[in-house]
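Engineer: Modelling step: build the complete structure from the supplied sequences, incorporating the hints.
In this note's numbering, the protein residues as written are 983 to 1635.
Rather than coming from a laboratory, the hints here were simulated on the basis of the structure. Some hints here could point you the wrong way.
[Claimed, not checked] Mimicking DSSO-like on lysine-lysine, the simulated pairs with C-alpha atoms at most 30 angstroms apart in a straight line are: (1) LYS1017 - LYS1053; (2) LYS1504 - LYS1491; (3) LYS1523 - LYS1504; (4) LYS1504 - LYS1448; (5) LYS1523 - LYS1491; (6) LYS1528 - LYS1504; (7) LYS1010 - LYS1053; (8) LYS1491 - LYS1448; (9) LYS1010 - LYS1254.
[What the hints assert, rightly or not] Simulated restraints on C-beta separations: (10) THR1404 - THR1346: 39 to 47 angstroms; (11) SER1426 - GLN1516: 21 to 29 angstroms; (12) ALA1036 - GLU1285: 49 to 57 angstroms; (13) LYS1017 - ASP996: 23 to 31 angstroms; (14) GLN1520 - GLY1356: 56 to 64 angstroms; (15) ALA1375 - ASP1109: 22 to 30 angstroms; (16) GLN1520 - THR1217: 43 to 51 angstroms.
Where a beta carbon is used, it is the ideal one built from N, C-alpha and C, also for glycine.
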Amino acid sequence: RGLAQPMAATGVLDSSGSVGAVSGVPEKLAAAVEKLPEGACLFYPHANDAELSAEDRDNLTRSGCRLIPVKSLEEAVLELGIPVREIWRAGPYKGLNLFDVIDKGIFFGRDVDTRRALRKLDTRAADGCPGLMILAESGVGKSSFVRAGLIAGLHSQSDRTIRPVVFSGSLFEARDEGELTRALAREFEAALPAVSPSLDTLDEFTQWVLCVDQNDGQLLVVFDQFEQLFTGGRTDEQLARFARLLEVLQQAGIWVITCMRSEFYRDYAAVKDSDGRAVLLDVFGESSSGQSGIFDLRPLSPELLRSVVQGPVSLAGVVFSDTPTGANLVERIIADVGLNTDVLPLLEFLLERLYESRDSETGTITFESYEQLGGLAGALGLAAEEAVHDQRADVVETVLRALVQTSSDHQELVLASSVDITDLPEGHAESMVIRALQDARLVSVGIPDHDKQQISLRLVHEALIKAWPRAAALFSDHHTRTLIRNRDQLRQRALHWDESGRSPEWLPKDPSDIAHCLQLRKQLGSLELTPALQAYLQQIKVIACKRRQSYWLRLSGAVSAVALTALVVGFWGVNYWEARQNEYDENLAWLRINQDERLQKELIEQENALIERLRGFNSDDDGLTPVDRYLEEMRFGMRELPYDRYHEGIIYK
983 RGLAQPMAAT
993 GVLDSSGSVG
1003 AVSGVPEKLA
1013 AAVEKLPEGA
1023 CLFYPHANDA
1033 ELSAEDRDNL
1043 TRSGCRLIPV
1053 KSLEEAVLEL
1063 GIPVREIWRA
1073 GPYKGLNLFD
1083 VIDKGIFFGR
1093 DVDTRRALRK
1103 LDTRAADGCP
1113 GLMILAESGV
1123 GKSSFVRAGL
1133 IAGLHSQSDR
1143 TIRPVVFSGS
1153 LFEARDEGEL
1163 TRALAREFEA
1173 ALPAVSPSLD
1183 TLDEFTQWVL
1193 CVDQNDGQLL
1203 VVFDQFEQLF
1213 TGGRTDEQLA
1223 RFARLLEVLQ
1233 QAGIWVITCM
1243 RSEFYRDYAA
1253 VKDSDGRAVL
1263 LDVFGESSSG
1273 QSGIFDLRPL
1283 SPELLRSVVQ
1293 GPVSLAGVVF
1303 SDTPTGANLV
1313 ERIIADVGLN
1323 TDVLPLLEFL
1333 LERLYESRDS
1343 ETGTITFESY
1353 EQLGGLAGAL
1363 GLAAEEAVHD
1373 QRADVVETVL
1383 RALVQTSSDH
1393 QELVLASSVD
1403 ITDLPEGHAE
1413 SMVIRALQDA
1423 RLVSVGIPDH
1433 DKQQISLRLV
1443 HEALIKAWPR
1453 AAALFSDHHT
1463 RTLIRNRDQL
1473 RQRALHWDES
1483 GRSPEWLPKD
1493 PSDIAHCLQL
1503 RKQLGSLELT
1513 PALQAYLQQI
1523 KVIACKRRQS
1533 YWLRLSGAVS
1543 AVALTALVVG
1553 FWGVNYWEAR
1563 QNEYDENLAW
1573 LRINQDERLQ
1583 KELIEQENAL
1593 IERLRGFNSD
1603 DDGLTPVDRY
1613 LEEMRFGMRE
1623 LPYDRYHEGI
1633 IYK
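Structural biologist: Pasting the structure below:
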């Protein structure tokens, strides 16, 4: 194409256009950097990206070269500014996966919306505020629209070079502002020939971005699943600082696009700075020419849905058969969609499965296949159940709980979330469920932060939360939603404690609060326990043990007196025994008030068992004195009460 862009590439290219891994990638890239001029593109397999250390990345990008890991040839071609049209790989449908830029050829139904959004974006750019918020209900296809519609449309404009930086919702799972800032900087470094300094605050990041050279193309920043910004318990001040970042990016000529579920518009509109200004509303407010930054993405009409169904397979030479009544299967599918507005993920999943089950000789998708898959409503649920049919139900529920979170402001709303599985051992019950879901392409595994070498797990699409009957029943259960909400709130407390240097001031002090935390710990699976939460609960357990020891000391006087009296006095100490029993009962009454139910029950059972044994001490028939019997049982661990030996004596812990 006569491109002036200097470049180097390594990888194995297969017949479908996928780029496979090769050996020695860090060494090959280092050799290329020595020969290429500043600003060169270095393409290498995405599968090898984890092999590059932070030091490697610094050394390679210091010369101004751009590191571009790719999964397919099309990605490299698009990076070089060559538009791609009429192409599809592997299959014509995406299932639950997002449509990306390289899928433009099979992305049907949104041409008019794409042109409208691009015109609006151009107008706002001319007005000095190049930003759009794509607002729609869940399941309408916001993420795919931005990638395969807007970004692909910008790439196809020959007079413009686009440098997209796309952030998924996992960005907003960063536990603090420093982690969020570093995640932002990493993605910007990958798209720009610049190395960021050590950044810890959004204000520092904002100042750095303003100094970055943007002459290499129009920088476009996309924040997908923007609603996740409002689910992490962030303060109004933190939200206002992020809004200020978006505002400054636009003022610097950087285009900003966000995708947000319409249910969160109230949260978006409520973000205010210290002066009471609705800063996020202003970010996507009307421009000087009156052009609003809100783009409402409507559900597809039946006519457009028809193109979504038929368009991709027409490229593949596949046809839909007629139903037994003579109607076309496409019309049956459109009728089953009906007035539902959130079924695009289900539709794509069904179409992918139908394509896979087509007649290999005639290339026909039959009505019988449609029925066997469970139709539109049942295809996803049937596939999910097939994946986990031999897994334990309680473990499946634990994994599902770990993959969602509740919104802090929408207590009944359950959203998809990622979970760290780095340290999950192979062969563990939960890892077996994950493997089954991964084989069925219902969850995805990735490495969000190569520096930390973490492995994260995420649902492929939020549609699973409602469309899989097992998941829908689980998350509609009030007890389950309460458990998830309590878990998320406890995670936030653990983060605050961790960020404060693990100050004791952040630990619970009320006995009922301590008991609640420990009870919650029993109900959570290992995947739900983040490192910070594990450390937090361990510290709470230490506090509970200390309190328990304190309670035991209050009781030990009475119990020790009971023991000594029974051993020495025997049957003729009845009155003294009754006095000690009354004192013991008073201690138990005090315990019921001041101790949680579980510990109370354990202590009562221990003390009652001890009293029963003491009552029978004088009826020994084995030739040992009561004292010998008692000490022998203690010495050989037959007594469950913990003790230490000290100069032939017994000291209770």
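Engineer: Evaluate each hint against the coordinates.
Structural biologist: So, going through the hints one by one against the coordinates:
For the hint linking LYS1017 to LYS1053, the alpha-carbon distance of about 25 angstroms falls within 30 angstroms, and the restraint holds. As the CA atoms of LYS1504 and LYS1491 are separated by approximately 20 angstroms, the hinted pair is consistent with the 30 angstroms bound. The straight-line distance between the Cα atoms of LYS1523 and LYS1504 is roughly 12 angstroms, inside the 30 angstroms bound, and the hint therefore holds. For the suggested pair LYS1504 and LYS1448, the alpha carbons sit about 27 angstroms apart, so the restraint of at most 30 angstroms is met.
Note on LYS1523 and LYS1491: the hinted pairing holds, with a Cα-Cα distance of about 12 angstroms set against a maximum of 30 angstroms. Annotation: proposed proximity of LYS1528 to LYS1504 holds, straight-line Cα distance about 19 angstroms (limit 30 angstroms). Proximity of LYS1010 to LYS1053 is assessed by CA-CA distance (about 18 angstroms); at most 30 angstroms being required, the pair is judged to hold. Distance check on the hinted pair: LYS1491 and LYS1448 sit about 39 angstroms apart at the alpha-carbon level, beyond 30 angstroms; violated.
Taking the CA atoms of LYS1010 and LYS1254, the gap is about 50 angstroms. The hint is violated against a cut of 30 angstroms. Distance hint for THR1404 and THR1346: a CB-CB separation of about 46 angstroms, consistent with the stated range 39 to 47 angstroms. A beta carbon spacing of about 25 angstroms between SER1426 and GLN1516 agrees with the range 21 to 29 angstroms that was offered as a hint. ALA1036 and GLU1285 have their C-beta atoms about 51 angstroms apart, which keeps the hinted 49 to 57 angstroms range intact.
For the hinted restraint 23 to 31 angstroms between LYS1017 and ASP996, the CB-CB distance of approximately 27 angstroms keeps it satisfied. A C-beta distance of roughly 45 angstroms is found between GLN1520 and GLY1356, which places it outside the suggested range of 56 to 64 angstroms. With their beta carbons about 56 angstroms apart, ALA1375 and ASP1109 fall outside the hinted range of 22 to 30 angstroms. Range check, GLN1520 to THR1217: about 27 angstroms between beta-carbon atoms, so the 43 to 51 angstroms window is missed.
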